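Asks: So you can see what is in the structure, the chains are spelled out below.
2 protein chains.
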Amino acid sequence: MSHAEYVSSISIDCVIFGFDEGELKVLLIKRAKDPSKGGWALPGGFVGQEEDLDVAAKTILEELTGLKKIYMEQLHTFGDVNRYPLARVISIVYASLIKVGDYELRAADNAQEAVWHPVSEVPQLVFDHSKMLAVALERLKRDVQYQPIGFELLPKKFTLTQLQTLYETVLETTLDKRNFRKKILGMDLLIALDEFQRGAPNRAARLFKFDTQKYKELKSKGFMFEL
Amino acid sequence: MSHAEYVSSISIDCVIFGFDEGELKVLLIKRAKDPSKGGWALPGGFVGQEEDLDVAAKTILEELTGLKKIYMEQLHTFGDVNRYPLARVISIVYASLIKVGDYELRAADNAQEAVWHPVSEVPQLVFDHSKMLAVALERLKRDVQYQPIGFELLPKKFTLTQLQTLYETVLETTLDKRNFRKKILGMDLLIALDEFQRGAPNRAARLFKFDTQKYKELKSKGFMFEL
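In order, the protein sequences belong to chains A and B. Numbered per our numbering, the first sequence spans residues 2 to 228. Numbered per our numbering, the second sequence spans residues 2 to 228.
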């Protein structure tokens, strides 16, 4: 699109969290263009005049990083007067949590690079992107207390240890094993299978799957998972 | 401010819910200017070039309705391509819940009138304002399940019936009395006083107040109040 085809005062930035083998990551790009060329940033860009916001978010993310059809939720709109150096630009932040291994990155357009960074070692980000990331991280941690997670992040059949690792990763903390199991099993969210993890070193761990019906129900109705 | 001093593509709309003697209301204005002159709308306007968003929201609300210093939370940004008839305008919605009796309305600027309408009988609204209201109402109903409410809405000392009426009003439903009391008292949120409501018809009802410390704690930490 040419410059005139964008709403010049509105951008979208995407906070894409990645669950990667027990580590929480965030997708960053190295900017190819000014302002802040060479700086690390959340993938972001301007909204097309003829694009609805949710569509624009997907388009921007795909153009910069190659990630296709990612379901994102709108998080918050950032609009401090001096947040962007060239003009008054208000940015709508979208967020998602995906499984790193399911996707391949391909940097293009305003992204010299597109890289998963561990959340614990994020470099300095351009503009107000560090604040955006902080808000998104806080929201993610709050959301996992109110909604089940794991459906798109774990294998179909998983052990309780794998599920606990997911929670520990997102919350960036360690949880008491016995307490976690008691709470998660108390929610009737999991179905215990008569199958066990293969190749486990000592004794094989039982596999579980989500009760899809219950998962959907809790997703829409919410719960309180005090961890 | 002159036209050039606004960001022409960004507006803010305010969903101000009012708790009014057992009825849930929403603040609407009758528009004084085109587009949709004479139509009922949420109070809204453009963002000043030199205004942060939170400040702009307060300014707009005060200019149109006379409501001062209302604490609002940013809710969601609406940006469908055709949501506004004259140009591409993206609107950031802010929301609040206040006590109708605490404030006086004074319509001005783009508001011919500023009126509290019962949520159950809202007229047709301009642009996508009905959708904004629906989203805000849904969020309000969800939030009361996760956070305590009432501090700014009830008298300092209140009866359990008054508190239940507040919940019933916001949720637009009736709740079982015994169940409600059991749950609310189980949260250690209330302090029972050795005082009773005056002038009660049959027997006087006990007065309660919020445990301020616990209220704040639950407000930030969240809970699950299954109603």
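Simulated from the structure, these hints should not be mistaken for laboratory data. Predicted model, so just to flag it, every value in this text is computed and none were measured. A few of these clues could be false.
Given that identical chains are not distinguished, each listed pair holds provided it fits within a single copy or across any two copies.
As the list claims (entries may be wrong) - Dumping the calculated DSSO-like pairs for lysine-lysine here, alpha-carbon to alpha-carbon at most 30 Å:
| # | residue 1 | residue 2 |
| --- | --- | --- |
| 1 | K158 | K34 |
| 2 | K158 | K220 |
| 3 | K100 | K31 |
| 4 | K178 | K222 |
| 5 | K34 | K178 |
| 6 | K215 | K178 |
| 7 | K132 | K215 |
| 8 | K132 | K70 |
| 9 | K59 | K132 |
| 10 | K157 | K132 |
| 11 | K210 | K38 |
| 12 | K34 | K217 |
| 13 | K217 | K31 |
| 14 | K210 | K69 |
| 15 | K222 | K183 |
| 16 | K222 | K38 |
| 17 | K132 | K220 |
| 18 | K34 | K69 |
| 19 | K142 | K222 |
| 20 | K38 | K157 |
Asks: Would you mind marking each hint as holding or not holding in the structure?
Replies: For each hint, the structure was consulted:
1. K158 with K34: neither (44 Å within a copy, 60 Å between copies)
2. K158 with K220: This pair counts as within: shortest intra-copy Cα distance 19 Å, inter-copy 36 Å.
3. K100 with K31: within (21 Å within a copy, 49 Å between copies)
4. K178 with K222: both (26 Å within a copy, 22 Å between copies)
5. K34 with K178: Neither: 48 Å inside a copy, 62 Å across copies.
6. K215 with K178: Both: 23 Å inside a chain and 28 Å across chains, each within 30 Å.
7. K132 with K215: Cα proximity of K132 and K215: across copies only (29 Å, versus 35 Å in one copy).
8. K132 with K70: both (26 Å within a copy, 25 Å between copies)
9. K59 with K132: both (22 Å within a copy, 23 Å between copies)
10. K157 with K132: neither (35 Å within a copy, 37 Å between copies)
11. K210 with K38: neither (46 Å within a copy, 56 Å between copies)
12. K34 with K217: This pair counts as neither: shortest intra-copy Cα distance 42 Å, inter-copy 45 Å.
13. K217 with K31: For K217 and K31, neither the intra-copy (37 Å) nor the inter-copy (41 Å) Cα distance is at most 30 Å.
14. K210 with K69: Within. Shortest intra-copy distance 27 Å satisfies the 30 Å Cα cut-off; inter-copy 53 Å does not.
15. K222 with K183: both (21 Å within a copy, 21 Å between copies)
16. K222 with K38: neither (44 Å within a copy, 40 Å between copies)
17. K132 with K220: Result: close both inside a copy and across copies, 27 Å intra and 22 Å inter.
18. K34 with K69: Only inside one copy: K34 and K69 sit 23 Å apart there, 43 Å across copies, limit 30 Å.
19. K142 with K222: both (18 Å within a copy, 11 Å between copies)
20. K38 with K157: For K38 and K157, the Cα distance exceeds 30 Å both inside one copy (42 Å) and across copies (56 Å).
Comparing the model with each earlier hint shows violations of hints 1, 5, 10, 11, 12, 13, 16, 20; every other hint is respected.
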